[in-house]
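With the hints as constraints, model all of the structure from the sequences given.
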Amino acid sequence: MAEKQSILGRIAQLARANVNALIDAAEDPEKMLDQMVRDYTANIADAEAAVAQTIGNLRLAEADRDDDVAAVREWGGKARAASAKADALRAEGRTGEADRFDELAKVALKRQISFEQEVAAAAPQIAAQTEVVERLKSGLASMRDKLAELRTKRDQLVARAKAAQAQAQVQSAIGSLNVLDPTSELSRFEERVRREEARVAGQAELQADSIEAQFAGLEDAATDLDVEARLAALKSGSA
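Read in order, the letters of the sequence shown correspond to residues 514 to 752 in the working numbering.
Derived from the structure by calculation, the hints contain no laboratory data.
Accuracy of the hints is not assured; some may be wrong.
To be verified - Listed next, the in silico BS3-like pairs over lysine-lysine satisfying Cα-Cα at most 25 Å (straight line):
hint: 1; residue 1: Lys659; residue 2: Lys544
hint: 2; residue 1: Lys619; residue 2: Lys591
hint: 3; residue 1: Lys659; residue 2: Lys675
hint: 4; residue 1: Lys544; residue 2: Lys591
hint: 5; residue 1: Lys544; residue 2: Lys623
hint: 6; residue 1: Lys650; residue 2: Lys623
hint: 7; residue 1: Lys623; residue 2: Lys598
hint: 8; residue 1: Lys544; residue 2: Lys650
Said to hold, decoys possible - Label-pair restraints from in silico Cβ distances:
hint: 9; residue 1: Pro637; residue 2: Asp658; range: 27 to 35 Å
hint: 10; residue 1: Ala634; residue 2: Glu662; range: 41 to 49 Å
hint: 11; residue 1: Arg572; residue 2: Glu662; range: 25 to 33 Å
hint: 12; residue 1: Gln716; residue 2: Ala681; range: 47 to 55 Å
hint: 13; residue 1: Gln678; residue 2: Gln716; range: 54 to 62 Å
hint: 14; residue 1: Asp579; residue 2: Met545; range: 17 to 25 Å
hint: 15; residue 1: Gln682; residue 2: Ala661; range: 40 to 48 Å
hint: 16; residue 1: Leu670; residue 2: Ala641; range: 36 to 44 Å
hint: 17; residue 1: Arg705; residue 2: Gln680; range: 36 to 44 Å
For glycine and all other residues, C-beta sits at the position ideal for the given N, C-alpha and C.
Below, the structure written as structure tokens:
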């Protein structure tokens with residue numbers, strides 16, 4: 514009986530397990546659920562074996578009860594047959610033989626009473642064992658429901674964890690872009706290019722100024738030669 518109570522206690526404890534509370538309390542829910550699925554599967558297998566044994570014992574007790582019931586009918590029939598034979602012999606005046614069959618009838622009746630007592634004694638035990646079996650079956654059904662719930666919860670959790678991980682990676686990438694904005698690097702490079710362009714433009718402008726100065730010097734030299742020529746012409750009286 515203690516073994517049956519132990520089985521019932523284990524099944525009741527597992528069937529009452531609050532899956533959501535266990536998940537919330539776990540540091541790593543996915544690993545915890547995987548372990549719980551393994552534990553539940555193993556416990557269900559153990560419970561099924563124990564329940565099967567309990568059912569087998571019940572069926573044996575029922576079979577013994579049925580044999581006793583059959584024996585009650587059998588020995589009742591033998592008692593009636595022996596009593597009828599005794600009555601027939603006594604009617605014929607064969608009292609000695611009649612008494613012997615009456616004794617046989619009494620033996621048969623004693624055996625019948627013995628088997629009736631066996632049937633009566635077995636009845637409450639079979640009833641109690643039948644109740645235990647029904648409770649065990651109900652407990653096993655609850656365990657199987659919990660196992661299905663665990664598996665569903667585990668699959669949902671894994672999917673959510675992967676989605677959260679992917680979202681975290683995207684958010685991390687976005688955060689990195691915010692911290693190291695590539696457009697700011699482009700702006701700095703553009704500024705460098707503008708400065709270089711300005712420097713080249715300045716050099717070009719300087720070179721242009723130098724060329725203009727040279728041409729201006731040439732024009733001044735030509736003017737001086739013209740002045741000298743005209744002066745010489747005045748002096749010679751040809752002007």
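Check each numbered hint against the structure and report the violated ones by number, ascending. Hint check: 4, 5, 6, 8, 14 and 15 fail, others pass.
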